[in-house]
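Protein chains in written order, with this note's numbering: chain A, 1 to 292; chain B, 293 to 530.
No incorrect hints appear here.
Straight-line alpha carbon distances no greater than 30 Å define the calculated DSSO-like cross-link-like pairs of lysine-lysine that follow: (1) A:LYS162 - B:LYS420; (2) B:LYS518 - B:LYS474; (3) B:LYS449 - A:LYS162.
Heads up, incomplete: computed chain B residues facing chain A, CB under 8 Å, no partners named: (4) VAL369; (5) HIS375; (6) GLU385.
Hint data in this document are derived by calculation from the structure and do not stem from the laboratory. Ideal Cβ positions, reconstructed from N, Cα and C, are used throughout, including at glycine.
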Amino acid sequence: MEILIQIFVTGLTLGSMYALAAVGLSLIYGTLGMFNMAHGMFMTLGAYAVFSLASVFGVPLILGVLAAMVAGAVIGMLTHLLIVRFMLNSPDFETNILVATAGLGILLEDLILKIYGGYPYPQPVKIEGTFSVGEVNVTYQALVILLIAIVCIGSVAWLLLKTRFGRAIRATAMNRDAARLMGVRTNTVYLQVMALAGALAGVAGLMISTLATLSPQMGGDPLLKAFVICVVAGLGNVWGAGICAIGLALIESAIGFYFGVRFGFPTMLMLVIIVLIWRPLGLFGKEKVVRL
Amino acid sequence: MSALLSATDVVSGYLNRPVLHGVSIDIAEGEVLALIGPNGHGKTTLLRTLSGFLPTRNGQFEFAGARLEHATVHARVEAGLVHIPQGDQLFAEMSVEENLLMGAYLVTDAREVERRLDQVYTLFPRLKDRRPQTASSLSGGERRMVGIGRGLMADAKLIMLDEPSLGLAPLLIEQIYDALSKLRTEGRSFLVVEENPSRLMTFADRLCLMDAGNIIWSGSTAEARKSEDILKTYLGGH
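Isolated chain A, as found in the complex:
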């Protein structure tokens, strides 16, 4: 029973972080039709922004979360304003933007390395201490990560489903031309989506850095996993991404526990291959129905 609790707690903690990263990535893909290869660096920047702020002012967790969101949102908006909007209507947008954001990611990583160096700093903004669930010790930080993921993803879900703002985002994602005919400023929607996804990435970065350490490369692994989660869920399916993040993290955690941590991710990738053979559009992906 303790083993199961341990696997569950680890899986849920990992899944929460993956979900924060994957939901943003999926939101961008679903709305703009682009894979943001700089998404990992959005996470890294969120973590470093909080680290810098905390080093100077000693901020509490809640302010740290807000700072990570602001940092992520700002870099998301800048990416849109300086790169994406100029490429959006180009014929090979999907390929071009993949290369452009990969380049941006490398540039930002080098900038972080230049400013902070490669030293693995610990993230000062976190909650210390543990509590027991049965025989298993659970850190308060793991609980915080879970709660923050629930609040952030719940807020995004509410925003998308229940507000006029969210309806405009979904409408733009489903049919850009029709959304424009309704009076939606689709370029503003794209900017807002980049900000929203950036904010989620910023928080994800902060949470990841509280469990490990800060490093310029820290966004690489979560980006890869978020990418895999998005593909398994079905590209652009925001809700599927959240569910798959938790599911795959639980599987990774179980495999890691029984066979060793190094087998967790490869097994996850094997499962992905099987899923994609079975359902090429992903678990929650739907074929577009074209009615004439």
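Please arrange chain B on chain A, whose structure you already have, making use of the hints.
Chain B only, in chain A's frame:
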């Protein structure tokens, strides 16, 4: 009647292929103007140009007293120019009600949105029963009703309809034109592209015949009835 829409010498098209070669039309407030003519001769292109999807390369376009030839799609919708395109263009994974609410995207008064929603449900009672259903699960006729209903949710001074009866069963065409006629009596203006001649002759005030990107004839429906050429060639003898 004063001119609500006035387009003069409009030139437009796709990339290096001009389709409209100096089209001029006027629509008065409360008037229904129908565009007729063979397929591929610029009717849909004219609607797309007026709604801002295609750039106006030359000419002027005035709507409700404002020059709009270089305005964004958003600015044109805000001015009251609503385009209901061919093929519905619904938001497939949204419910019927959400699709209708998107039509009132620029209306910020919640009570007004509710009032318009009731109005659409009165015009198309079938949509009220389907309100939680996703648009992708609707039949062709219901989709058309949502498309038209969504257009009515906006603050439209002029509604541009592209082939509202295309592909529909006669009974559904009847229902849709009944609804449009009700709106007409409220004083709404329409610019309609339609292939169904019998409908046009009763619904429209005036007809413009488009051929090879030009307006080659225009006149009232009464005048069209008198013109043997127009009747036989373009209106199937109606």
